[in-house]
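Can you make the complete structure from the sequences, with help from the hints?
Residue numbering for the sequence shown follows the numbering used here, beginning at 2 and increasing consecutively.
Any given hint might turn out to be false.
Said to hold, decoys possible - Straight-line alpha carbon distances no greater than 20 Å define the calculated PhoX-like cross-link-like pairs of lysine-lysine that follow:
#, residue 1, residue 2
1, 376, 518
2, 306, 571
3, 292, 282
Said to hold, decoys possible - The calculated label-pair distances, taken between Cβ atoms and stated as ranges, are:
#, residue 1, residue 2, range
4, 302, 247, 17 to 25 Å
5, 411, 197, 49 to 57 Å
6, 478, 684, 34 to 42 Å
The hints are simulated quantities; they were obtained by calculation from the structure and are not laboratory data.
All values derive from a computational prediction rather than experimental measurement.
Beta carbons: idealized from backbone N, C-alpha and C, even for Gly.
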Amino acid sequence: MAETQHTQTRPEFTVQKSANQKPLELIQTVKTSAMYSWANLLPACGIEVPAKGKHGACPVCGGTDRFHFIDDHHHGNWHCRQCDEPKYGDGLDLVAKAKGITVFEAAKLVSGALALPLPEPKPARKETPKSEAPVQSAIEEATRLIQSSVLGESNYLKRKGLHYPVRLLSDGSIILPAQCGNELTGGQKIKPNGKKRFITGTKKKGSFTPLSELNGTPNTVLIAEGYATALTVSQLHEGLTLAAFDAGNLFPVSQWVREHYPNAKIIIAADNDIKPDEPNKGRVLAEKAAKAINGWVSIPPTEDKADWDDYRQQHGIEAAKQAFSQGLHQVGEYMNSKVTEDRSNIETLYPNRKTKLPLSVGSQGFDAQLDYVVKGIIPAHSLCSIYGASGSYKSFLAGAWGCHIATGKAWAGKSVAQGSVMYVVGEGGIGVPRRIRAWELVNGQTVENMYLINTPVFPASPAEVHELVIAAQQVEAETGRPVRLIILDTLARCFGGADENDSKDMGAFVRGCDELKAKTGASILVVHHSGKDESKGARGSSAFRAALDVEYKISREGKKGGALVIACTKMKDAEEPETQAYDLRVVELFTDKDGEDITSLALIDRPRDPVEEEEIGLVANKTDNHTALWQCIRSRTALKEPCSIALVRDDLKAMGVNVKNFSRWLTKLEHDGLITRNGQELTLVNQNNGD
Numbered sequence: 002m003a004e005t006q007h008t009q010t011r012p013e014f015t016v017q018k019s020a021n022q023k024p025l026e027l028i029q030t031v032k033t034s035a036m037y038s039w040a041n042l043l044p045a046c047g048i049e050v051p052a053k054g055k056h057g058a059c060p061v062c063g064g065t066d067r068f069h070f071i072d073d074h075h076h077g078n079w080h081c082r083q084c085d086e087p088k089y090g091d092g093l094d095l096v097a098k099a100k101g102i103t104v105f106e107a108a109k110l111v112s113g114a115l116a117l118p119l120p121e122p123k124p125a126r127k128e129t130p131k132s133e134a135p136v137q138s139a140i141e142e143a144t145r146l147i148q149s150s151v152l153g154e155s156n157y158l159k160r161k162g163l164h165y166p167v168r169l170l171s172d173g174s175i176i177l178p179a180q181c182g183n184e185l186t187g188g189q190k191i192k193p194n195g196k197k198r199f200i201t202g203t204k205k206k207g208s209f210t211p212l213s214e215l216n217g218t219p220n221t222v223l224i225a226e227g228y229a230t231a232l233t234v235s236q237l238h239e240g241l242t243l244a245a246f247d248a249g250n251l252f253p254v255s256q257w258v259r260e261h262y263p264n265a266k267i268i269i270a271a272d273n274d275i276k277p278d279e280p281n282k283g284r285v286l287a288e289k290a291a292k293a294i295n296g297w298v299s300i301p302p303t304e305d306k307a308d309w310d311d312y313r314q315q316h317g318i319e320a321a322k323q324a325f326s327q328g329l330h331q332v333g334e335y336m337n338s339k340v341t342e343d344r345s346n347i348e349t350l351y352p353n354r355k356t357k358l359p360l361s362v363g364s365q366g367f368d369a370q371l372d373y374v375v376k377g378i379i380p381a382h383s384l385c386s387i388y389g390a391s392g393s394y395k396s397f398l399a400g401a402w403g404c405h406i407a408t409g410k411a412w413a414g415k416s417v418a419q420g421s422v423m424y425v426v427g428e429g430g431i432g433v434p435r436r437i438r439a440w441e442l443v444n445g446q447t448v449e450n451m452y453l454i455n456t457p458v459f460p461a462s463p464a465e466v467h468e469l470v471i472a473a474q475q476v477e478a479e480t481g482r483p484v485r486l487i488i489l490d491t492l493a494r495c496f497g498g499a500d501e502n503d504s505k506d507m508g509a510f511v512r513g514c515d516e517l518k519a520k521t522g523a524s525i526l527v528v529h530h531s532g533k534d535e536s537k538g539a540r541g542s543s544a545f546r547a548a549l550d551v552e553y554k555i556s557r558e559g560k561k562g563g564a565l566v567i568a569c570t571k572m573k574d575a576e577e578p579e580t581q582a583y584d585l586r587v588v589e590l591f592t593d594k595d596g597e598d599i600t601s602l603a604l605i606d607r608p609r610d611p612v613e614e615e616e617i618g619l620v621a622n623k624t625d626n627h628t629a630l631w632q633c634i635r636s637r638t639a640l641k642e643p644c645s646i647a648l649v650r651d652d653l654k655a656m657g658v659n660v661k662n663f664s665r666w667l668t669k670l671e672h673d674g675l676i677t678r679n680g681q682e683l684t685l686v687n688q689n690n691g692d
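This is the structure:
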């Protein structure tokens with residue numbers, strides 16, 4: 002007969018006392034009185050059970066070795082793997098099932114046993130050793146926090162696109178129980194910003210957070226590192242899912258699972274901790290744990306550091322399900338068995354599956370012609386970027402390209418594939434509509450197929466990519482034309498506060514752009530800033546440039562010139578176009594309520610060779626304003642446009658130049674022999690005005 006492990010004495014109980022109670026009252030009284038005594042009460046009722054924690058014969062189904070008398074909460078809890086459902090219960094349930102009677106009848110039977118003199122339990126409880134005091138403190142604190150928590154949605158999880166009710170503390174933190182089986186061992190808090198911290202004293206080794214109750218015998222158990230990853234993994238494959246907190250805890254948790262669920266298929270959802278010239282910690286520890294318990298591993302198929310939650314966010318749930326299943330594999334042979342069957346990798350799991358790798362033969366496809374959005378400038382289905390310093394007119398160029406595509410008007414003599422355009426206005430405010438209106442006035446066409454999204458959108462967020470896809474479908478339905486170009490202005494405003502210099506964050510941004518491109522069929526144009534040293538290209542992680550199909554550097558002609566220069570710095574599958582300059586014109590839009598003229602600039606799509614600064618560089622005592630004035634005159638005369646003093650002054654004002662000393666700048670250029678004045682008309686000296 003098993004010995005109990007508690008010194009609590011059984012409450013006095015008599016048959017006469019039970020006879021006066023109603024059925025529910027009797028059942029409750031019996032359950033309360035029987036606590037800590039089930040190991041003795043069950044044999045007194047004619048039911049033999051194995052010692053606590055041992056396997057044995059089941060008094061219900063007759064199975065020989067799959068019955069466990071657990072009694073971990075002192076209610077006579079038991080579990081049998083061979084019984085029909087339900088396969089578990091408390092002591093009173095066991096009496097009822099074993100005797101084939103109702104719970105009320107079982108309560109009356111147990112009440113009779115309670116009235117008998119039972120052996121007093123042997124004292125076994127000891128003072129908590131000092132080494133266990135911190136754990137006990139952590140358990141008490143975790144219990145207090147869990148009891149004070151409320152169910153709700155976490156901002157941390159919502160940012161990841163995970164909408165699950167979780168236990169929340171008053172500051173919005175998630176409180177997770179750390180437990181080994183059903184025994185609480187402490188807890189972990191996850192703050193709204195994602196920072197994780199264990200309750201002091203928590204026994205982490207071998208502990209985990211289950212996503213559901215540990216009832217019954219699962220066919221499959223999935224083990225992930227973090228809680229968010231576990232939530233995603235629970236969507237990728239059926240089974241009981243556990244969060245082991247970190248990679249180092251995968252081994253002890255998997256050992257516990259194998260011990261308690263010996264027939265279950267155990268899958269470890271590994272993190273891909275890939276780093277150059279360093280061991281992949283996530284893969285190594287996951288495969289070590291899986292090998293020891295005859296388990297399986299699935300790791301995200303990425304080139305950058307990622308877990309399964311990252312993969313779902315970037316590729317969507319269906320792609321993640323497929324990748325998870327196809328990535329399942331076992332590592333070598335089971336350390337603790339003599340299993341010899343082949344269970345090596347995916348080629349064994351799917352022997353007839355065709356590769357998804359794109360295969361072609363020899364020179365097949367040599368004559369394929371590249372589709373384009375703007376021929377020779379923006380390829381179709383591409384990821385492109387224009388970058389430059391602040392004030393380089395890069396957003397004017399993005400808007401101009403958008404207008405040409407939306408109207409079907411050729412750009413600089415190059416054909417365009419007419420279609421709809423979506424412009425994510427992360428910067429600019431009312432500036433973008435005014436630039437579009439200036440383009441309309443200069444070109445004599447209305448831009449009807451260009452839609453502005455007047456808020457930043459974050460491609461790293463799957464939810465926001467999904468919204469952009471819906472928006473593209475709506476635009477296409479309203480215009481009857483496919484979306485050819487999506488402009489993100491700028492990368493910084495559409496980066497969601499992440500670190501542009503971090504390759505992982507940049508990788509998430511690029512993957513979001515790729516998904517957007519794949520789901521809409523559009524090319525993506527990202528407007529970006531140059532770094533502090535413009536000669537070193539765009540700022541941020543080099544992973545961005547590596548992912549681009551096309552990149553252009555945008556600069557002003559001179560330091561404050563009235564033209565922009567487009568220089569191609571990357572063209573993946575075609576010849577790089579020549580560096581060209583494009584002039585901008587001041588356009589009057591309307592007069593405001595104060596009587597002031599409101600203007601904007603329009604980009605003129607007539608390319609010319611950039612003017613070298615040396616033509617004015619030798620002039621003594623010149624300033625940036627002298628250069629800007631000279632280039633405004635140069636631009637107008639080159640385009641055979643009117644070039645009066647008033648027009649040039651307006652050009653400078655539109656570029657943000659304070660024209661207080663305009664007359665003095667004009668006089669200096671004239672005295673230095675760079676320009677001539679004929680009344681109000683201005684001309685460059687030795688300027689070739691031919692086409």
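Determine which of the earlier numbered hints do not hold for this structure and return their numbers in increasing order. Structure breaks hints 2 and 6.
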